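Chemist: What follows is the residue order along each chain.
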Amino acid sequence: GAVVSQHPSRVICKSGTSVKIECRSLDFQATTMFWYRQFPKQSLMLMATSNEGSKATYEQGVEKDKFLINHASLTLSTLTVTSAHPEDSSFYICSARGTVDGKLFFGSGTQLSVL
Amino acid sequence: GESVGLHLPTLSVQEGDNSIINCAYSNSASDYFIWYKQESGKGPQFIIDIRSNMDKRQGQRVTVLLNKTVKHLSLQIAATQPGDSAVYFCALGGPGGGNKLTFGTGTQLKVEL
Numbered sequence: 001g002a003v004v005s006q007h008p009s010r011v012i013c014k015s016g017t018s019v020k021i022e023c024r025s026l027d028f029q030a031t032t033m034f035w036y037r038q039f040p041k042q043s044l045m046l047m048a049t050s051n052e053g054s055k056a057t058y059e060q061g062v063e064k065d066k067f068l069i070n071h072a073s074l075t076l077s078t079l080t081v082t083s084a085h086p087e088d089s090s091f092y093i094c095s096a097r098g099t100v101d102g103k104l105f106f107g108s109g110t111q112l113s114v115l
Numbered sequence: 116g117e118s119v120g121l122h123l124p125t126l127s128v129q130e131g132d133n134s135i136i137n138c139a140y141s142n143s144a145s146d147y148f149i150w151y152k153q154e155s156g157k158g159p160q161f162i163i164d165i166r167s168n169m170d171k172r173q174g175q176r177v178t179v180l181l182n183k184t185v186k187h188l189s190l191q192i193a194a195t196q197p198g199d200s201a202v203y204f205c206a207l208g209g210p211g212g213g214n215k216l217t218f219g220t221g222t223q224l225k226v227e228l
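So the protein lines, in turn, are chains A and B.
With the first letter of the first sequence counted as 1, position 102 gets the number 102 in this note's numbering; the numbers rise by one all the way through.
So the mapping is simple: this note's numbering equals the position in the second sequence, first residue as 1, plus 115.
Read the hints as simulated data drawn from the structure, not as lab findings.
Hints are not guaranteed to be accurate.
[To be verified] In silico lysine-lysine, DSSO-like type, Cα no more than 27 Å apart, as pairs:
1. B:K157 to A:K66
2. B:K171 to B:K186
3. B:K157 to A:K20
4. A:K64 to B:K215
5. A:K41 to A:K14
6. B:K157 to B:K215
7. B:K215 to A:K55
8. A:K41 to B:K225
9. B:K157 to A:K41
10. A:K64 to B:K225
11. B:K157 to A:K64
Computed from a predicted model, the values in this text were never measured in an experiment.
Take the sequences, apply the hints, and build the full model.
Modeler: And the structure:
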């Protein structure tokens, strides 16, 4: 299947700093990528849809100025958590649709811990 | 709004037994259904999918059953192995192919030796 690479896998930062998470489709081009957030023992919640070359579409309740998404190329989308606070600590996961079979493939996730 | 729920938050099975994980959904417009496996600290891994024009699909040791009448989806794992221990999520895609997925709450499958 298609490979989606997410980096970093784990990050610890101080409150008030910004953190960037990268999501790359390694062997296919993805015009659309998705960013999810997952709290411990809970399900994945869609945060936003990242569209190459255009603005991201955010789900209701997700602050677009807080979670900046950039999809500058067909293989890379980034999520920047700006001025992170402890309540932003979570597991962030990206996904992209494979071009061969149309299935969604997920990155390995990024565990963000804000101190 | 759309809701997706699972009947059992935790399922314990003996190694070698068959496992059945269930999922109920409410949006009758959903036409694409997927099961994912998520191990601790990792992203979801695709297991099997089914479209609304089918009621059964089989893969390697896994079978997905779809009952659109009662809006119920199930995942059957044959001869469950320790490596199957994980959280399993059902996910639903809306009309048009499932670009945007709604995930269920998840079932923790524990395989006992």
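Chemist: If a hint holds in the structure, say so; if it doesn't, say that too.
Modeler: Hint by hint, here is what the structure shows:
1. For the hint linking K157 of chain B to K66 of chain A, the alpha-carbon distance of about 24 Å falls within 27 Å, and the restraint holds.
2. Proposed proximity of K171 of chain B and K186 of chain B is supported: the alpha carbons are some 14 Å apart, at most 27 Å.
3. With a C-alpha separation of about 19 Å, the suggested pairing of K157 of chain B with K20 of chain A holds against the 27 Å cut-off.
4. With a C-alpha separation of about 18 Å, the suggested pairing of K64 of chain A with K215 of chain B holds against the 27 Å cut-off.
5. Restraint check for K41 of chain A and K14 of chain A: the C-alpha separation of about 24 Å stays at or below 27 Å, so the hint holds.
6. For the hint linking K157 of chain B to K215 of chain B, the alpha-carbon distance of about 20 Å falls within 27 Å, and the restraint holds.
7. With a CA separation close to 17 Å, the supplied pair K215 of chain B and K55 of chain A stays within the 27 Å bound.
8. Using a Cα cut-off of 27 Å, the hinted pair K41 of chain A and K225 of chain B holds, with the two alpha carbons roughly 14 Å apart.
9. A threshold of 27 Å between alpha carbons decides the hint, and for K157 of chain B with K41 of chain A the separation of about 13 Å falls inside it, so the pair holds.
10. Note on K64 of chain A and K225 of chain B: the hinted pairing is violated, with a Cα-Cα distance of about 38 Å set against a maximum of 27 Å.
11. Taking the CA atoms of K157 of chain B and K64 of chain A, the gap is near 25 Å; set against the 27 Å cutoff, the hint holds.
Going down the numbered hints, you'll see the structure goes against just number 10.
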